[in-house]
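A.B. asks: Guided by the hints, dock chain B onto chain A, whose structure is given.
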Amino acid sequence: MSIRRPSLHQQDARIAWLLLLPSLVVILGVTLWPIISTFFLSFFIAPTGINQVRTFIGLGNYIDMLKDQTFWETIGRTLYFTVVSVGLEIIIGLAIAQLIHSHPWGWQFLRFSLIIPWAVPTIVNGAMWRWIYSADFGALNGALMQLGLIKHYVPWLTLPNMAMPLVILADMWHMVPFVALILQAALATLPEELEEAAAVDGANAFQRFWRIRLPQLRPALLVALIVRTVDAFRVFDIVYIITSGGPAFKTVTITYLTYLNSFSYGKQGTGAALSFLISIFTIIMAFIYIRILYRPEETQ
Amino acid sequence: MMRHRKFLRKLLLFLLTLPVFIFIFFPILWLLSASLSTQVELFTVPPHWIPQHPTLQNYMDIIFPNLAASSVPRTFAIALLNSIKIASTVTVICLVIGSLAAYALVRIPFRLNRSIHLGIIGTRMIPEVSLVLPLFIIASSLQLINKPVVLIIAYMSFALPYAIWLMAAYFQTVPIELEEAARLDGCTRLGILFRVVMPISVPGLVSTAMFIFLLAWDEFFYALIFTSTLAAKTAPVAIAEFVGRYVVNITGMMAGGVVVAIPPVLLALIFQRYIVSGLTAGAVKG
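So the protein lines, in turn, are chains A and B.
My numbering applies: residue 22 is where the first sequence begins, and numbers increase by one.
My numbering applies: residue 277 is where the second sequence begins, and numbers increase by one.
Hints are not guaranteed to be accurate.
Stated by the list, open to error - Quick list of simulated restraints, FRET-style, between CB atoms:
1. 167(A) x 294(B): 17 to 23 Å
2. 212(A) x 320(B): 54 to 60 Å
3. 84(A) x 357(B): 44 to 50 Å
4. 327(B) x 243(A): 43 to 49 Å
5. 269(A) x 327(B): 32 to 38 Å
Stated by the list, open to error - Pulled a few chain A residues facing chain B out of the computed Cβ check, cut under 7 Å:
6. 37
7. 44
8. 49
9. 58
10. 120
11. 142
12. 144
13. 167
14. 210
15. 212
16. 307
To be verified - Far from chain A, by Cβ distances over 12 Å, these chain B residues were calculated:
17. 279
18. 311
19. 332
20. 336
21. 350
22. 357
23. 406
24. 451
25. 472
26. 476
27. 479
28. 481
What the hints contain is simulated information worked out from the structure, not anything from laboratory work.
Nothing here was measured: the structure is a model prediction, and the numbers come from that model.
We put the CB at the ideal spot given by N, CA and C, even for glycine.
Bound conformation, chain A alone:
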């Protein structure tokens, strides 16, 4: 073995960095740098436009934001959307996964069908539901009227208390299949012996589900829960196309408010402060996610 030649180990490390280089450059350029840059921007009054002068105001944007009632209402609405949509998606997704797992007639076709709503692009999904909810000619009004449940057509999306639940329903159509597919795949890998043994010992169906099956599903449920929470907290596309934030701000979420400030109101500093808060929330969630799923003994 010659002394000058780098060891296999060192050679390997060099090759590893070489292979990683293009990806690292891209990721640092399009994620790390923008996050830091957003953080700096959040300390300025920054009107939209290239030649506009920025004024340093320290924590001014954050203080204004925390004093603004719109901000707190928007946080409330975002949490409402997140908790209700994710909660229902997990419960209904689990129920559908269970249903497929008990293999009724046509279960393979059901599993196949679930892929369709998941694959339909978010914007198409939103456009479709917007037309379903249409006040004058929509399918929802048509169906409810023909079933005799309403006497007159209802302008659903202009009702302050209905708009958000209807956006949530549209989101569920898209995402319940996602949760159901993940949980069904996890169910299919569970060993049956445990539950059979419990059945022999006299545990009823509910006890077997609650005490044995659910704990075993925990990792899959956590994946679904965290991924859905992160996505729901940043919801934008479906709100934009169905309600555009209306009626009277009743469906404006935190991402939507950031969008309005940054690109409609010309207040990029405020937008930056808001998006930095969203980053913080996401980083905390990502940290939890990694802690749960990537314990040291499980990688490599």
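C.D. replies: Leaving out everything else, chain B in the frame of chain A:
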């Protein structure tokens, strides 16, 4: 008696699947029906669930732009082409540089390996809204707004970490003995990667390509902010633009929606056996 009960159970379970089927298919059938209706027939009370005079005119209007009456449908075909170009480019770039990085992270031990791996996994969760302002400011000053390249670069922020994650999960399933055998035969590290690992990782590359294409095809937020003209506008933006200031072109929006939904739905159904493994490895797609 036992058989009787078993039959009843099957029947009950089958009846439970019906509401799920209705929930899945009712909106889709209504979308298809609306896309095949004339504007006049669409605006009826009660609704015609099945069009009495089905027509392909709505599709003709958006796919063969010359026949179209107003400006929004005329631009739809171009937006569709932009989407195809942008999503394919993003897919190819992510596949090439992402799989190299994933291999290094999974199979080559070096300092910082684990930190970088976890960092990339965390990066995937960063929302677009947290990155958009600096990207917008620099794109404006470089006069890149309304150019496809700005979307391709911006899409890297979510597509590349996801591609690395999926490929890393796949490479972990490649038996390490194969690599050790190749190494004993005198193969170099890069030789192992390109002659041994890549050829048997084709299924992983295919499923990763599908997921990245779907993500890029679906993307709306960056596209809305970075593009407004025909040069780079994507299909989801074109769909949103059917909502005009005063009128909504519903027939165009529905036909456009069907056209935009067909590629991802077909891809997902063809590659369905990859989907669940991809979802659980990366579990993403908003």
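A.B. asks: Next, verify each hint and record whether it holds.
C.D. replies: The hints, checked one at a time:
1. 167(A) x 294(B): 17 to 23 Å: Cβ of residue 167(A) to Cβ of residue 294(B): about 19 Å, so the range 17 to 23 Å holds.
2. 212(A) x 320(B): 54 to 60 Å: holds, 56 Å
3. 84(A) x 357(B): 44 to 50 Å: holds, 47 Å
4. 327(B) x 243(A): 43 to 49 Å: holds, 46 Å
5. 269(A) x 327(B): 32 to 38 Å: For residue 327(B) against residue 269(A), whose Cβ atoms are near 36 Å apart, the range 32 to 38 Å holds.
6. 37: holds, 4 Å
7. 44: holds, 4 Å
8. 49: violated, 10 Å
9. 58: Result: holds, 4 Å to nearest chain B Cβ.
10. 120: Check passed: Cβ of residue 120(A) comes within 6 Å of chain B, closer than 7 Å.
11. 142: holds, 5 Å
12. 144: With a minimum Cβ separation of about 4 Å from chain B (threshold 7 Å), the hint on residue 144(A) holds.
13. 167: With a minimum Cβ separation of about 6 Å from chain B (threshold 7 Å), the hint on residue 167(A) holds.
14. 210: This interface hint is violated because 10 Å lies over the 7 Å limit.
15. 212: Because about 18 Å separates residue 212(A) from the closest Cβ in chain B, which is outside the 7 Å limit, the hint is violated.
16. 307: holds, 4 Å
17. 279: holds, 16 Å
18. 311: violated, 10 Å
19. 332: Check passes; 19 Å lies beyond 12 Å.
20. 336: Correct as stated: the minimum Cβ-Cβ distance to chain A is 19 Å, above 12 Å.
21. 350: holds, 19 Å
22. 357: holds, 16 Å
23. 406: Violated, since 4 Å does not exceed 12 Å.
24. 451: holds, 15 Å
25. 472: holds, 15 Å
26. 476: holds, 18 Å
27. 479: holds, 17 Å
28. 481: With a cut-off of 12 Å, residue 481(B) remains clear of chain A, as the shortest Cβ separation is near 16 Å.
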